[in-house]
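Next come the chains, spelled out residue by residue.
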Amino acid sequence: MIVLTVIVGLLMAVGLFIFLTAAVGMIRFPDFYSRLHPAGMIDCMGVLLTMGGLALFALFDGGISLASFLNFAKIVLIVVFIYITSPTATHAIIDAGMRAGLQPWTKKKDM
Amino acid sequence: MKITGLLTVIICGALLTYYAMDFPDFGDGRSPANTYLSPHFLENTMHDAHVPNSVTTILADYRGYDTMYETTVVLTAGLACFFLLRRKESTSPPARFFRHVPTGLTLRIEEGGKLPAENSKVFTRIDSLWAPDSLIIRNTCRLIIAFVQLFALYVVAHGHYSPGGGFQGGVLLGSSIILFSISNDLRRTLKRFREKTAAVLGAIGVLIYSGTGFVCLLMGAHFLNYEALSPLLGLKTGDPMARSHGIFSVEIGVAFAVMSVMIWIYYNLSSAGKHDEGL
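Residue numbers (numbering that gives the first Met the number 0), protein chains in the order written: chain A, 0 to 110; chain B, 0 to 278.
Excised from the complex, chain B in its bound form (with noise of 0.2 Å):
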């Protein structure tokens, strides 16, 4: 087993080495990339799509395909380490460990001793002796979460005029949970956005990609060419705001599925795919 994976390495090593050697030169002055083509998408994103950011429009439009798998990788990268880490049984703790709350008394309990009340307003439940339980970093992580999210939602939503996107403002959406995991605890976290609800959205994300493709496809033109929104929008035929609503349709796409996938790697890794326990 171990000498077919290694052949198999050399192998695709060799043929990877074997065509790189095709490659123009490293900054090569009359390859096609720099003779006409990056020329040709910075001279007419303005025209073409009406954003003035043409990193934007060449990773959502011109190589939108490109994209669209990109954000499949992600949520490919999500359920591997779903299916490699989750255990459903989840394996009982030797001990627990609960603090009182009005004296900060921390309690171990073995197994098999009466635990308190789930409910329980009086003892709480830590996952380990030396969790902290700072007052400090709980309020301001409940501060700054708002605001981290509602920039996320800027970057995201304004991807065309300035840096930023779908990846950048999904990854600010899932450390604010991740943040909050940290703060308090997975338990409670799970409370608020729980597994499925990561699953589903990821899954939701990558759907709005190639949603927005089919329809082009539905409508008549190339999948993800988003010129043949124009009559869904009310826009006149070639109006290139139509390029640009469909690059923020994908660019959502993306945001939900980074988001989503973010948050539940880190379920994952976390717990070691227990989700009883977090850090």
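Isolated chain A (complex conformation) (with noise of 0.2 Å):
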């Protein structure tokens, strides 16, 4: 149990700070294009790191049984759909500001 505890832990911690970071760069970053990396990133990496955790404490926690194998396959579905949706949603946004004419930030920029 002492294993299971640690693992979880671990991952719902790693899964947080990255949502953490995640939310300060949506913030900090310059321009649209560069916060919706993080925005994509929270959805991919937070997400499964967060969800694996809790699928894996739903799936051993009080021994295996269909019922707790049901909340696990619950929980994989949902980061099973996050990975299908959330990038495509990413993609499309960048690609209508693209198409709008919205023009990336560069370093260099002659004001």
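It is possible that some hints are incorrect.
Using C-beta positions, here's what the derived DEER-type ranges look like [unchecked claim]: (1) B:Ser161 with A:Val5: 32 to 40 Å; (2) A:Gly96 with B:Ser30: 45 to 53 Å; (3) B:Met45 with A:Val5: 42 to 50 Å; (4) B:Ala220 with A:Ile83: 47 to 55 Å.
If you're looking for bench data, these hints aren't it; they were derived computationally from the structure.
In this text, all values refer to a predicted model and were calculated from it rather than measured experimentally.
We treat Cβ as the ideally placed atom computed from N, Cα and C, and that holds for glycine.
Dock chain to chain to rebuild the complex, using the hints, since each chain is given by itself in its own frame.
Okay, here's the thing in structure tokens:
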């Protein structure tokens, strides 16, 4: 049990750290496109790690049974759907930005 | 005209404020809602209607009359959008854009120019110059829409036991069609789900709701008193399952109305009532 607690705790902690850095990045990055990078990172790395920890906890805490496996499968399904939709949404938003003519930010911008 | 409108608004607002002063204070422990009404509903849902989710029972059974008019309001919103925005004659745009599929080139054809055949496989019409043609978005939406609709049916059917019900399931169903319209284009969506279908389904949804009430009336009970439905459902008189099934039939009506009205409003708003070019 202590092994499970440590593994789940580590996964959740790293996942929440990624959430925090992504939230800071969304405020601190200079323009639209670079802000979308942490936004996509929340949905991929952060959700994968936190949900992975929760899925392991749901499966092994209190013994493996049909009910705990169903909980595990539901959490895995959440991750699968977020992995399908979130990168697509980020792609679509960036595509729309490019087509609408928004120029990416560069450091040597002559004002 | 402006003065009349202003006077009407002021008088109505003053009356509303005057009568609102008689309401019990927010969170007042001695108000009727807090002394006997909500405990009664919370304690009796299982006994009355055999539905664990008391929100569903209150929404569709205890105050079913109110929800019927909510559904009617949804339909009215769709109708208002239709009457305000819909234009029959489509003003042809000065230029139309076509994409040559094998090369990905975009052609701009001026008014009066020779347009490609309607069912051409080589040229597809696109809405504006910057309309994206993304394989990723189209395939993702194709993958997701089926799951969205399946989940919507679950939400409608499972509203008795978990959060959900007709309104939420209808919104999910409608948004799956809108997702298709965003990822492809409005003309292709209109071929699959026509405007007439949306209008008729919205009216049918309200009809299912009020029809359930009328069947109760015909069976000799009050309007929307689902207990009267038990002989039709093959249940004993007084079986709480009759009310449970009555709630379910009403929820289906709500889902129909909300789904089709959402799609209808989207059609009218996204194309400014012309139904030829979407977003």
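Each hint, compared with the structure:
1. B:Ser161 with A:Val5: 32 to 40 Å: Since serine 161 of chain B and valine 5 of chain A have Cβ atoms about 34 Å apart, the given range 32 to 40 Å holds.
2. A:Gly96 with B:Ser30: 45 to 53 Å: Given range 45 to 53 Å: holds, Cβ gap about 52 Å.
3. B:Met45 with A:Val5: 42 to 50 Å: 43 Å, holds
4. B:Ala220 with A:Ile83: 47 to 55 Å: Since the Cβ atoms of alanine 220 of chain B and isoleucine 83 of chain A sit about 49 Å apart, the hinted range of 47 to 55 Å holds.
Checked against the numbered hints given earlier, this structure breaks none of them.
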